[in-house]
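A.B. asks: Residues per chain are reported as follows:
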Amino acid sequence: MKRPLHPFASSPGSILVFSLVIVLAGATILTGWIYLLAARTTFSEQATVGLERRVALLNARAAARQFLFNSMNATSSGNFTATTMGAGFSDWGGGFSMNGTLSMATTQTGNQTIPNRFGPGERFGFVEALDATIYSITTGNSGSTEKEAVAWSFRMRSCNPALAGYPLTLQAGGNSSSVTVQSPGASLTWIASQFESSFAAVPFIPMSSGTGSSYNGSLAVSPSGSESELTLNGTVASLDLGNCSTAYKLTSATANLTLAITGGSAAAGNPVKLVADTNTLANVTLSGNNTRGLVLWVLNTNATISSNASSTWRMLILSQNGNLTWNGPTTIEGGVRTNGNLNGNGALTLSVDPNSPDANLESLADKIFWLEDWRQ
Amino acid sequence: MKSITHPPDCTTSVPRRAAVRCFPPWRWPAGYTLAEVLIASCVLLVGITAAAMLANSVILQEEANRSVAIAINLQEQAARLYHMGLSGPTITNLLPENCVSTATPGADAYYMAFSADSLRDISVLTNSASGASSNSFQVNASTNQIIFASGKSTNGTMIYRTNTILLLRPTNL
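Residue numbers (the working numbering), protein chains in the order written: chain A, 1 to 376; chain B, 377 to 549.
If you're looking for bench data, these hints aren't it; they were derived computationally from the structure. Keep in mind it's a predicted model, so treat the numbers as computed, not measured. For every residue, glycine included, the Cβ atom is placed at its ideal position computed from N, Cα and C. Careful: at least some of the hints might be erroneous.
[To be verified] Facing chain B, according to a computed beta carbon distance under 8 Å, are these residues of chain A, among others:
#  : residue
1  : F18
2  : T41
3  : T42
4  : S44
5  : L58
6  : A63
7  : R65
8  : Q66
9  : E227
10 : S228
[Stated by the list, open to error] Looking from chain B toward chain A, a few residues come up when the C-beta cut is under 7 Å (computed):
#  : residue
11 : E452
12 : Q453
13 : T538
14 : I541
15 : P546
Given the sequences, and given the hints that come with them, work out the whole structure.
C.D. replies: Here it is as structure tokens:
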């Protein structure tokens, strides 16, 4: 009697091939796994080196910013054509050296349209006071000779007061102009000439635009040109802001203008813009309170602003190329910006517009200038 | 279908010149000898032992990798916050991991400390229209140190690693 054949016993070669395939696949997977582990271990070992290199780049950037800040002091000594930094970095655990150029501008070099809550935005000038390019920042960790070079550009711009949200901005220093500024919890007498001279200590020319010596630029703001023409009868006239639409440009030879809200139902959140560029406007009287925001531009003329002691006006007034005088106590929720003398014959109480979306936010940006940098 | 062939048994008439051994049916090589099984078992045992030891090492290495990755990332974020102008205590409060002030933080905490800002001189060579000039400026410098547990030794004690970096930032942030 024959014993039955075991099915595998008849194919030993197939079993061997099958086993080899299994072993090959297993060995491949095991090898890949070990390589992966080795890579992770390498990462663990090199992580601190990588960190050193990245921090060296951050340090280089910080030093470059400091260098540019310091270079602001040297504006009167001429432009820089090349700057080399490099000595003394060996102990930084990630040193660097830099090469680059600096060029200084003291005139307005650009414009920027900044949207605001009073309209689609106005055009403001700014100064690209410093345009610096760092050709290369060479970094490397202290334990290696490997280096890498990256290029970084810096541009320092003056900051327009419109961005900073100051209630009061004196754009140019007057001879003896002063104003009493009162705000909740604080009050001071602001003498513009001292204000100007105090800027000798800051490392930047705080101009917003224009040419000439420091802090002597024009506002360089301009109406958008989309205002409706407004003609009032006589040299003494009144304007009911409650019946105004949005933007007007005064074309009549009005000398005494009274602004009030006596009627109408315009939305409080829809401010009125009034541009007075007539050379004749001398007195503006704010009557009562306004429940509607007002942007008043007084261009190329000296104007006196009067109001009742108990009235509070939400407004932003811009006095350009003329002097502004407050007659009697005036309370403004908004701001005043002028490049002329600001004379106060009474207290001017200024506060941030409570309806401003940023009224309760502390500004984090530098108020005088800002520095932009980017990699090339 | 392919037919299955099997070795001839001794009951079959096989030419003597044929290069095929014949086995009686009860001697067909369908199994392994005891020696073969023992050897194979030993090899398998060695492999399994090696795999177990490797797995243990892998676990320890993975724990170390994780600790290093977290610590390095933590220190880099601290560096970036420092460059933004924040103070040391503020930074350690902001960071998501448990930052402590003891130099032996344990397994789930990280010791992090900033030294007080000090001024450091940086020399500058400037080439302007009036000629080359040498001067210097100062930046704020601080060292940041992190100590973290990267694993355990064979006797169960923590193994700590330390990393220190130097940070710079402008003085007039």
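A.B. asks: Hint by hint, say whether it matches the structure.
C.D. replies: Quick rundown of the hints versus the structure:
no.	hint	result
1	F18	violated (17 Å)
2	T41	holds (6 Å)
3	T42	violated (10 Å)
4	S44	holds (5 Å)
5	L58	holds (5 Å)
6	A63	holds (5 Å)
7	R65	holds (5 Å)
8	Q66	holds (4 Å)
9	E227	violated (42 Å)
10	S228	violated (47 Å)
11	E452	holds (6 Å)
12	Q453	violated (11 Å)
13	T538	violated (10 Å)
14	I541	holds (5 Å)
15	P546	holds (4 Å)
Checked against the numbered hints listed earlier, the structure breaks hints 1, 3, 9, 10, 12 and 13; every other hint is satisfied.
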